[in-house]
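Protein chains in written order, with our numbering: chain S, 6 to 356; chain H, 141 to 396; chain B, -15 to 313.
In case anyone wonders, no lab produced these hints; they're calculated from the structure.
Beta carbons: idealized from backbone N, C-alpha and C, even for Gly.
Check before you lean on any hint, since a few could be wrong.
[What the hints assert, rightly or not] Here are the computed distance ranges between Cβ atoms for each label pair:
hint : chain 1 : residue 1 : chain 2 : residue 2 : range
1    : H       : Leu381    : S       : Gly119    : 40 to 50 Å
2    : S       : Gly119    : H       : Leu183    : 21 to 31 Å
3    : B       : Leu4      : H       : Ile259    : 23 to 33 Å
4    : B       : Glu211    : S       : Ala171    : 23 to 33 Å
5    : B       : Leu209    : H       : Gly180    : 16 to 26 Å
[What the hints assert, rightly or not] The following residues of chain H were derived to be distant from chain B, with all beta-carbon distances above 12 Å:
hint : residue
6    : Lys289
7    : Asn294
8    : Lys321
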Amino acid sequence: MEEPRMIHLENISKEYDGVTVLDDINLYIRKKEFVTLLGPSGCGKTTTLRIIGGFEYPSTGRVMFEGKDITNLPPYKRRVNTVFQKYALFPHLNVYDNIAFGLKLKKMSRAEIGKRVDKMLNLVNMAGYGKRSVDSLSGGQQQRIAIARSLVNEPEVLLLDEPLGALDLKLRKEMQLELKSMQQQLGITFLYVTHDQEEALTMSDTIVVMNAGHILQIGTPKKIYDEPENAFVANFIGESNIIRGIMIRDELVNFSGVDFPCVDAGFGENAPVDVVVRPEDIVIVGEDIGQLTGTVKSVLFKGVHYEMMIESGDFTWKVHSTSMQPAGSRVGLSIVPFNIHIMHPMKEAGK
Amino acid sequence: MKQFFKKCYLAIILIFLYVPIIVLIAQSFNAGKSRAKWEGLSLHWYSELFSNVSIMNALWVTVSVAVIATIVATILGTLAAIGIYSMKRRPQAFMMTVTNLPNTMPDIVTGVSLMLLYIFAKVERGYFTMVLAHITFDVPYVVLSVLPKLKQMNKHTYEAALDLGATPAYALSHVIIPECKQGIVTGALLAFTLSLDDFTISYFTTSPLVQNLSTLIYSATKLGISPVYYALSSLMFVVLLVLLLIVNHRTADNKD
Amino acid sequence: MIDLTLPAWAGWAMGVGLILFVLLVVLSVRRNHGVKRSLFAAPYTLWMFIFTLLPCVLIAYYALTDANGCFTLDNFRSFWDSNHIMRENLRAMGGDEMAATVARGSVNVDTLVYSLWMAFLCTAISLVLGYPAALFMADRKMKLGATLVVLFIIPMWMNFLLRTIAWMSLLEDNGLINAFLEWIGIGRKQLMYNQQAVLLGMVYNFLPFMVFPIYTSLSKLDPKLGEAAQDLGCNELRTLYKVTMPLSLPGVISGITMVFMPSVTTFFIPRVLGGGNTRMFGDLIESTFKTAGNWNLGSALSLIMMVLILISLSILRKADPNGEGGGIV
Chain S
6 MEEPRMIHLE NISKEYDGVT VLDDINLYIR KKEFVTLLGP SGCGKTTTLR
56 IIGGFEYPST GRVMFEGKDI TNLPPYKRRV NTVFQKYALF PHLNVYDNIA
106 FGLKLKKMSR AEIGKRVDKM LNLVNMAGYG KRSVDSLSGG QQQRIAIARS
156 LVNEPEVLLL DEPLGALDLK LRKEMQLELK SMQQQLGITF LYVTHDQEEA
206 LTMSDTIVVM NAGHILQIGT PKKIYDEPEN AFVANFIGES NIIRGIMIRD
256 ELVNFSGVDF PCVDAGFGEN APVDVVVRPE DIVIVGEDIG QLTGTVKSVL
306 FKGVHYEMMI ESGDFTWKVH STSMQPAGSR VGLSIVPFNI HIMHPMKEAG
356 K
Chain H
141 MKQFFKKCYL AIILIFLYVP IIVLIAQSFN AGKSRAKWEG LSLHWYSELF
191 SNVSIMNALW VTVSVAVIAT IVATILGTLA AIGIYSMKRR PQAFMMTVTN
241 LPNTMPDIVT GVSLMLLYIF AKVERGYFTM VLAHITFDVP YVVLSVLPKL
291 KQMNKHTYEA ALDLGATPAY ALSHVIIPEC KQGIVTGALL AFTLSLDDFT
341 ISYFTTSPLV QNLSTLIYSA TKLGISPVYY ALSSLMFVVL LVLLLIVNHR
391 TADNKD
Chain B
-15 MIDLTLPAWA GWAMGVGLIL FVLLVVLSVR RNHGVKRSLF AAPYTLWMFI
35 FTLLPCVLIA YYALTDANGC FTLDNFRSFW DSNHIMRENL RAMGGDEMAA
85 TVARGSVNVD TLVYSLWMAF LCTAISLVLG YPAALFMADR KMKLGATLVV
135 LFIIPMWMNF LLRTIAWMSL LEDNGLINAF LEWIGIGRKQ LMYNQQAVLL
185 GMVYNFLPFM VFPIYTSLSK LDPKLGEAAQ DLGCNELRTL YKVTMPLSLP
235 GVISGITMVF MPSVTTFFIP RVLGGGNTRM FGDLIESTFK TAGNWNLGSA
285 LSLIMMVLIL ISLSILRKAD PNGEGGGIV
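Could you build all of it, start to finish, from the sequences and the hints given here?
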């Protein structure tokens, strides 16, 4: 059963001193959903989050929360909480008082506050740290406290603004899993902002890819990865080979001077298109049996696989393979129809 | 050897700085009135100090002006720092120039310009005009001490408080002000010391009927200064020294 | 003891200021968004406008008018040529020959040049004495930095007038130094009421202002820089003037500013230790206002000094493009 919509952004635009940062954003978030806003820095994802949090007000458009217009409601009257970039813990308060900050404002009894704070400290694996000063904590610990400080208020929606950006890689991976399990356990809606595509793919139910103030694509991680709607998305989500081609007719595309059977249809005949092929989807075969032939220009060992740059005609393909071909050798390349993804040539795609 | 030379050099500079002060304190215990001749140890000048009406009056003026000016300047300056911090770039740059202006103006020009203001506004100079002048030269120092603390703060701290349900007023009094407390205290202390020690600006902004210690000493030098003043400043010096030790001791305790 | 009742104008001014402030706040409350925080600076802005900017304008106004409030450049002419009014008065009375005998030239200009020279000497001496002091204080091997800073601050708590007067007891004809000189057989000397005494008093009072900024910029330096220089083959002396000194330039510049400015304008030190034999520009401004009561000429003199200081500050800023005491990144 579909969960009801919690937050609905309707035609949101935002300008700063005449510069458009968000251009007609439409987006809804369902209850208990884990939604990620993904895009390069400056794409408007943080501004979108801040508009929902109440720290910015849109130039035009409405923010709806469970069907009610909250566009002009100040942050302290909204039932959402934010985990800020670099945490924004209050340095003059200890861990306990940081977490209790919101509860004290709700005029809760001391005993009740104590109970809830302890529960939260347990949840984020920080039991016993209540009396510590926040400056004495490591980055990862501060992160946990920042999450606890927000979650203790039992928000309907938790907004997270690049919460793991300041952590090192290993810690980040751990926290990703923990956050995801916390979200499932508590059943809270998460709206997560990141520029890290891998993070987005790992954690989200829905990914919203943004660039230059527009939403380019909304979909599940799998759909976004496998069927990017345009070259930008394809490029941003994982590494890709993107090449211009001509759609001869349905299920047949021509690029690099060769006709390839594919599975996409509906682009018309002899229409210019962008073709996406993931590096791991290109198979290296004997020179004589490949659909394309090329010369290996360089080889890099990447841990699990080799990354080879293979020049064929005037295009250089990036190929991932577990078997290595030495630089300078001639190879054949073949791609199965299912792995060729056809897109409309680069233009803004809305929802 | 090199370290020894460095220490010697510093010691000589410090002796240079301390000799007049030691001389002054010594003279305050001199029984005679002469600056040159030692006529025996005595607390004569200290006892005379407390019965000297004009000195006690000037002491009261100095301290009360410093206290009032510090309180007003601290409030005004802290609010101003918060305001300037949240301004956009251009007005912020303008406000910083205005704030730095009194720093680049010599005391005498500040004093003279304020005197002209009072003359122009046909205000009789006295206690109140002196307080206004002191607030004026104190505020920029408060602003300049608080502002760096605000800039060090995580820029989302205020928003975090609102996010957790605090109204802007609550966020200000429970988060922002406690977080720049150190800057506020530094600014207030600076303002207080500057106020206590000021001569030039007070000299131009008060009337001869309302004297603070500095202006009183200045008028006394014309007649030949009495060792009572030495007793007074030695006493103030010791009080400040003790205060410093207490403050230092307490901050050292807090760090543990 | 003191009459603390406010003059009526002050009450009015406060009332108007308060109403303005409240109005601004009310106007700025946009929908539910709360008070715009930049408005917290409004009372301060108002204050600075009335008590800093307006007085500056008034100085310019008085400098450009005569006693009757009419526009004139006479005050500046008096600066260049102190006796021009006397000469004109004589001419007006028909005493052309007498007027011709009235000396041209200006006491004011002489005083200004002399003050600048004294301030320059004081700044130079403070720099020469203060730089090594700051350098040794910042020496990490000494582990004394913070204590020494306090030791340099403490003397400044003694009232500055009295500290200067204390030098009188030392320098007087029958003062301590002369007593000492006599005792070792050199004999008494005239130490007070001359240029050296004034200079001594100035250096004594302003030296800490040179030491602090230099110390601050030196102690912020990364000790690895010195190590790197030595690693690259500089000996200690070369490291000092190739690395440490250039990097402490911002501190030196703010030190120079902080010593030079009060030096040009001091009027108490020359009066006490110079005994009226040396007249400095601050002295001149003070007596023009207080003794002669000539606000117009006094304003012109103040204006000239302010302009000179602003010019020298901007030259100094050029030498330190990173801004006053700003660390080099």
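Regarding B/Leu4 and H/Ile259, is the given constraint of 23 to 33 Å on their beta-carbon distance met? For H/Ile259 against B/Leu4, whose Cβ atoms are near 25 Å apart, the range 23 to 33 Å holds.
CB-CB spacing for H/Leu183 and S/Gly119 relative to the 21 to 31 Å hint: violated, 60 Å
With d taken as the least Cβ-Cβ distance between H/Asn294 and chain B, does d exceed 12 Å? Since the minimum Cβ distance to chain B is about 16 Å, H/Asn294 lies beyond 12 Å and the statement holds.
H/Leu381 paired with S/Gly119, Cβ distance criterion 40 to 50 Å: holds, 46 Å
For H/Lys289, is the shortest CB-to-CB distance to chain B above 12 Å, so the non-interface label stands? holds, 15 Å
Status of the stated non-contact between H/Lys321 and chain B (beta carbon gap over 12 Å): Correct as stated: the minimum Cβ-Cβ distance to chain B is 17 Å, above 12 Å.
For B/Glu211 and S/Ala171, compare the CB-CB distance with the range 23 to 33 Å and indicate the outcome. holds, 30 Å
State, for the Cβ atoms of B/Leu209 and H/Gly180, whether the hinted interval 16 to 26 Å holds or is violated. violated, 57 Å
In the structure shown, a violation is registered for the earlier hints numbered 2 and 5, in ascending order.
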